[in-house]
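Q: Listed here are the chains, written in short residue letters.
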Amino acid sequence: MVGDGVKIGLEVHCQLTSLKTKLFCSCPTDYRGKPPNTNICPVCMGEPGTLPVLNKEAVRAAVMVALALHSKISRFTYFTRKNYFYPDMAKNFQISQYDGVGGAPIAKGGYVDLGNGKVVRIRRLQLEEDPARLVYEGTIDTATATLVDYNRHGVALIEIVTEPDITSPEDARRFLQKLRSILEHLGVFDGELEGSMRCDANISLEGGVRVEIKNISSYKDVERALRFEITRQSSLISRGIRVVRETRFWDERRRVTVSLRVKETEEDYRYFPEPDLPPVVITDEFIDEVKRSLPILPDERKRIFVEKYGVSEQNAEVLVNDKALADFFEDCLKHYGKAQELSNLLVGDFLAQLHSLNLSVREVKVKPEYIAKLLRLLDKKVLTGHLAKAVLREMLETGRDPEAIVEEKGLRRIGSREELEKIVDRVFRENRKAVEDALVNEKAVHFLVGQVMRITRGKADPNLTRQIIKNKLEKVRASRKA
Amino acid sequence: MPRKSRITLKEIEHLAWLARVQLTKREKRLFKEQLSSILEYFDKLDEANVEELPPTFHVVEHYNVFREDEPRPFPSDIVLKNPPKMKGRFIKAPRIV
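These protein sequences, in sequence, are chains R and E.
Residues are numbered in our numbering as their position in the first sequence, beginning at 1, plus a constant of 859.
Residues are numbered in our numbering as their position in the second sequence, beginning at 1, plus a constant of 141.
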């Protein structure tokens, strides 16, 4: 069976976007949109005679992440040089940390609860420098030169490596979303910034070998890349072809993985302790201080949503997996007390429409009061569910007051029996064949209801319409018997 | 007796590949000899008994040297005087992969 015995491990790189400067120099981190190579200095460019100095806040941020992921923080940690010749690092090495012999990453162990009964263990956390952005003249295959923009180079990354505990592409995506939410709750990371989270994935199928996929840069792509790889590997296996252990590159434009012949192995990186940076000692006092300053995190927030507000577990999980959505929910709750109904709207139609409008929650211009108003219009039966969807869409597009939309577009529910009976009469006259069908076949009643909805453009009260149609059919039957 | 470190021609070729340099036959032989003698010299260190000692990662006992997170933009044009090849504001490097 495709997808059986899948083991996935992720290596996630998140920029610590709350930092104002790079990891080892005082260059600013607001490089996005700047002309190439304007955000550089002799330190990040590795000029001879310069010395890197560690950003104090990067250590604090990493300790916060370690605490939030239940990891064990190293009391003694230091940096390591990872040597390789590739122009994405100006120094020909990356200042990183190392988990092998003689290495001491900032934290080890820990876990993330996916909220669906699955837990993903964390192997390690480490601090390292972001590499430069490479641009190819022409395509990657035919380029004769590589153009390098070092603006991003040296920005602080936290690398989070999981154990191979993830068993499906959906869970890989869920993991990234949960991780993003945790980091955003901590306030150290902004997932909305382009390129702020990237990941590599290791995947193996039952009886196969481990294949590494590099260059995954979005939540959607992690799922796509892994799906592609599962299909590719299981098709090889089913044809009796051996899967080779290799590194592949996710081509996000063509949506395929392609083989990368990387000959460097771990020992080729010649890791050794970075002599320019003294080790870091992390004291219990410091950890306690950071612990006391930790904000509320998704799992705790979910508990409050369920226990205090009475939201279903399932809805609460969706809400807290997006910090902006959870915040918006709480803002709306101040104006509308029925938490479960509110959560139904937000995790249902609201998210679905945002998705189709390609908007994120943070881009929503609708005031929380207006969401409350919309729900009250539903409660008062001014709107049907169908109409509410149309009004919500208009609200998301324009940010306008739902009452104004209802008035202007005449989107009120038609709940008057008299008015609806007239429309039903008309539908019966115009659809004689369908009426005959409906007399014998319950399912054909839907068609008649649909006709009423069409004429009223969805404004008819569906229950009342159905009741009137049934009564009328009953009358027809009775008159025929007589 | 400490092991005599000898580096093979194959290892020299691998190192040259990692460093992205091309070596002539003569250079390979020369570096093989030179690196071997350096490694042999290091063999002396193996004679020291260090069983009881923790590994030394840094020679000076400095810890926690930090910098405040305050931006200080640098005039980047000065830095751009060094790269050998440019294209616009991009630094031009050889084709890779």
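Think of the hints as simulated: they come from the structure by calculation, not from any bench.
As the structure is a prediction and not an experimental result, all values here were calculated from the model.
Any given hint could be a false lead.
Which chain E residues face chain R? A few, computed with CB under 8 angstroms, are given here [as the list claims (entries may be wrong)]: (1) Thr-165; (2) Lys-166; (3) Phe-183; (4) Phe-198; (5) Arg-208; (6) Ile-232; (7) Arg-236.
One-sided and incomplete, this derived list gives chain R residues near chain E with beta-carbon spacing under 7 angstroms [as the list claims (entries may be wrong)]: (8) Asn-896; (9) Thr-1001; (10) Ala-1004; (11) Asp-1127.
Note that the Cβ used here is the ideal one computed from N, Cα and C, for glycine as well.
Q: A separate judgement is required for each hint: does it hold in the structure or not?
A: Comparing the hints with the structure gives:
1. Given hint, Thr-165 (chain E) at the interface with chain R, is violated; its Cβ is 20 angstroms from that chain's nearest Cβ, farther than 8 angstroms.
2. The beta carbon of Lys-166 (chain E) is not positioned within 8 angstroms of any beta carbon in chain R (closest approach about 22 angstroms), and the interface hint is therefore violated.
3. Residue-level restraint check for Phe-183 (chain E) is violated (minimum Cβ-Cβ distance to chain R is 14 angstroms; threshold 8 angstroms).
4. The interface hint given for Phe-198 (chain E) holds, since its Cβ lies 4 angstroms from the closest Cβ of chain R, which is under the 8 angstroms cut-off.
5. At a threshold of 8 angstroms, the smallest CB-CB gap from Arg-208 (chain E) to chain R is about 4 angstroms, leaving the interface hint in force.
6. For Ile-232 (chain E), the interface hint holds, since its Cβ comes within 8 angstroms of a Cβ in chain R; the closest pair sits about 5 angstroms apart.
7. Hint on Arg-236 (chain E) holds. Least Cβ distance to chain R is approximately 6 angstroms, under the 8 angstroms limit.
8. This hint holds: Asn-896 (chain R) has a C-beta 5 angstroms from the nearest C-beta of chain E, less than the 7 angstroms allowed.
9. Among the interface hints, the one on Thr-1001 (chain R) is violated; its C-beta lies about 9 angstroms from the nearest C-beta in chain E, farther than the 7 angstroms criterion.
10. Evaluation of the Ala-1004 (chain R) hint against chain E yields a held restraint, the C-beta minimum of about 5 angstroms falling below 7 angstroms.
11. The closest approach between the C-beta of Asp-1127 (chain R) and any C-beta of chain E is roughly 6 angstroms, which is under the 7 angstroms cut-off, so the hint is satisfied.
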